[in-house]
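2 protein chains.
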Amino acid sequence: MRDFVHCVPTRFVFGRGAEQRAGEQVRDFGGTKALIVYGGGSAVRSGLIDRVKASLDGAGVAHVCLGGVKPNPRDTLVYEGIDLARREGVDFILAVGGGSVIDTGKAVAHGVCYDGDFWDLWCGRAKSVRALPVGVVLTMAAAGSESSNSCVITQESTKTKRGLRSELNRPRFAIMNPELAMTLPPYQIASGATDILAHIMERYFTCEKEVDLTDRLCEGAMVAVIRAARIAVKHPDDYDAQAQLMWGSTIAHNDTVGVGRVQDFGSHQIEHELSALYDVAHGAGLAVVFPAWMRYHMDKDVMRFAQFAVRVYGCEMNFEHPEQTALRGIEAHEAFLRDIGMPLTLKEIGARAEDIPALAAHTKVTNPDGTTGGVFHMTREDIENILRLADR
Amino acid sequence: MRDFVHCVPTRFVFGRGAEQRAGEQVRDFGGTKALIVYGGGSAVRSGLIDRVKASLDGAGVAHVCLGGVKPNPRDTLVYEGIDLARREGVDFILAVGGGSVIDTGKAVAHGVCYDGDFWDLWCGRAKSVRALPVGVVLTMAAAGSESSNSCVITQESTKTKRGLRSELNRPRFAIMNPELAMTLPPYQIASGATDILAHIMERYFTCEKEVDLTDRLCEGAMVAVIRAARIAVKHPDDYDAQAQLMWGSTIAHNDTVGVGRVQDFGSHQIEHELSALYDVAHGAGLAVVFPAWMRYHMDKDVMRFAQFAVRVYGCEMNFEHPEQTALRGIEAHEAFLRDIGMPLTLKEIGARAEDIPALAAHTKVTNPDGTTGGVFHMTREDIENILRLADR
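In order, the protein sequences belong to chains U and B. For the first sequence, the positions run 612 to 1003 when this note's numbering is used. For the second sequence, the positions run 612 to 1003 when this note's numbering is used.
I should point out that these hints are in silico values taken from the structure, not numbers from a laboratory. Mixed in with the good hints there might be a few duds.
A pair holds if it fits inside one copy or across any two, identical chains being indistinguishable in the list.
As the list claims (entries may be wrong) - Here are the simulated SDA-like cross-link-like pairs (lysine to any residue), alpha carbons at most 25 Å apart as the crow flies: (1) LYS845 to HIS988; (2) LYS770 to TYR889; (3) LYS644 to ASP993; (4) LYS845 to GLU821; (5) LYS644 to CYS618; (6) LYS681 to GLU699; (7) LYS975 to ASP639; (8) LYS644 to ILE960; (9) LYS911 to ASP851; (10) LYS820 to ARG841; (11) LYS820 to ASN929; (12) LYS770 to HIS674; (13) LYS958 to ALA943; (14) LYS664 to THR794; (15) LYS958 to ASP993; (16) LYS958 to ARG1003.
Everything numeric in this text was worked out from a predicted model, so none of it was measured.
So here's chain U without its partners, still in its complex pose (with noise of 0.2 Å):
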């Protein structure tokens, strides 16, 4: 095990109805003014957004809105929210949605607490040493972004999609009621779940040794996310798997399944490009990316390819042959995605063949040596190999 360092501060109050209690918690945290950040329309019809304004009344928070956050979240928006909470002497930010809602409110509260232009700090100019509070009302179980300590947006100007790593991106509260994700499309579900995966095979593909509990907790995670997840596409209104799918995304990106370990992230490096610039769901652009990610590296530590296999998907171990059951897991979990509904191609989401060289050069460098991805480090040769295995 690696050494490291692994603090998640964040309070969870999970459960039925847990949105009702989004004013005691901005309160205990200091909030008396709350800049409330959400989506499009489903959080207003719900009466969700009234529900929680009536809850910040209850507990003397004043309160503005800023809504219409998009998918793959855009910076635009989040230099009005920095107006906004400015010109309000807004003092805390309550996202209520799932990840780009969050990340939109997260990027606000840097952006509010720095002088200069906030995309300063996403592409490396400038350092963020304050940020105002963030409390989450999370409607979606996905990103994880309601405990973890990153924060993606998207320049809409030049389609540049960039995380930012802090810990000040931690938020002090989420509240977690299933009940919220049981509107949600089947389609956003199962995008959801294929994020939770990639969030925990980020960090389970990783040629580490001597890691045996973490791995092991990722492979029951990973169980436990698959059974839900082909429950809840087929039975949205499911609670106990819409629950099991709520805290998954929350283990799956905090770290509780991946501390002392390496990250890989490669793959969400890529499809980054693809969201960015086909606007497409990130969970759908992963469960295009990752099986061509799996299938291009396997061969570097077959061993690992098939423990996922046999412990995750229930394959037989072929000891003469290892490697064909590491690609009977690539294959078997191929075939969840497919079961829930998930995309392959790049053809499913609308990329085309010929983008292929553009996207593969303008996917993020991660490493000194001009590659991307913690483990496997890929080349651009690599990253454009791996999208047209995906071109099928």
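Since chain U is already given, all that's left is putting chain B on it; use the hints.
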């Protein structure tokens, strides 16, 4: 999944040489003068206390010492610590040791901030509302006190062992260097592993339905801890085995693997009587009590005990007679405990059959109807029966 509120704000600093960061951590959390609490000679002889003092000196944190904590920590030393901390104007408690040392530190932290007799807080006569901040340098994987909300103290005059659950009990930081556990005798390593497993099992054997995610996390953690314990008792200098045990001790008892479930803790209540009366290691007492508790209760949820057998110990499922599989699991657990050198009978820990009625009568009642245990409610007669199963 049941509703829950979960918050573990502890900052974990994990890895080789981590104790050198003690001073920096105390200062980070506002400490200017620390009471260093520790146990016997080994922490001094090994040079650990000197290294911690040097780290505090380097960070400009003043310090005084309270040594001499014994296993099953006593109220007498707590009173001494409260006096010393008040006299010296201490504003931070730094516990350097295992569960007994940490619990002594926690009790002092409450006691300093409470005007009356601190035991009031433990026996329910008063509620603690404030405590000094506590930090930990962990030397032993067992109790999980490094981030749990519990603290167990024995009143020496009456041999009464009682726990206090309070969010104030969560340490601010836990410094965890697995190397520090390498000098422990195998018996203590085994006792620690038994305690870790018991903490998971108190959350696992709880007749819950639709808790697949936490079931899988519990099972994965148990498999990894069992494997690591077998290695560590034979090769105490195996860093990775010690690392799995140390991180295992933390997640076993801070609810990482048990959120959204009820907990039983009946076995713990019975064991508290054994260790209070015979001064046996808590883990060794649990090795005697838990298998007997399992045999006594398995009929009430045969399929869960069978699931334990199959998923944790790899037993083959007997579909015609699941109770046979359940029994194989208990036998496998007993064989594991035997393998790592734990006792399984009352005789082995010096307990006498004629004490059984008194042990049962003295066991803490946890339910309004006079029974003990969060799930399997045990009358005094049930407890006597369980202890008789261990009298073999």
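For this session: Compare the structure with the hints numbered earlier in the document and write down the numbers of the violated ones, lowest to highest.
Result: Structure breaks hints 1, 3, 7, 8, 12.
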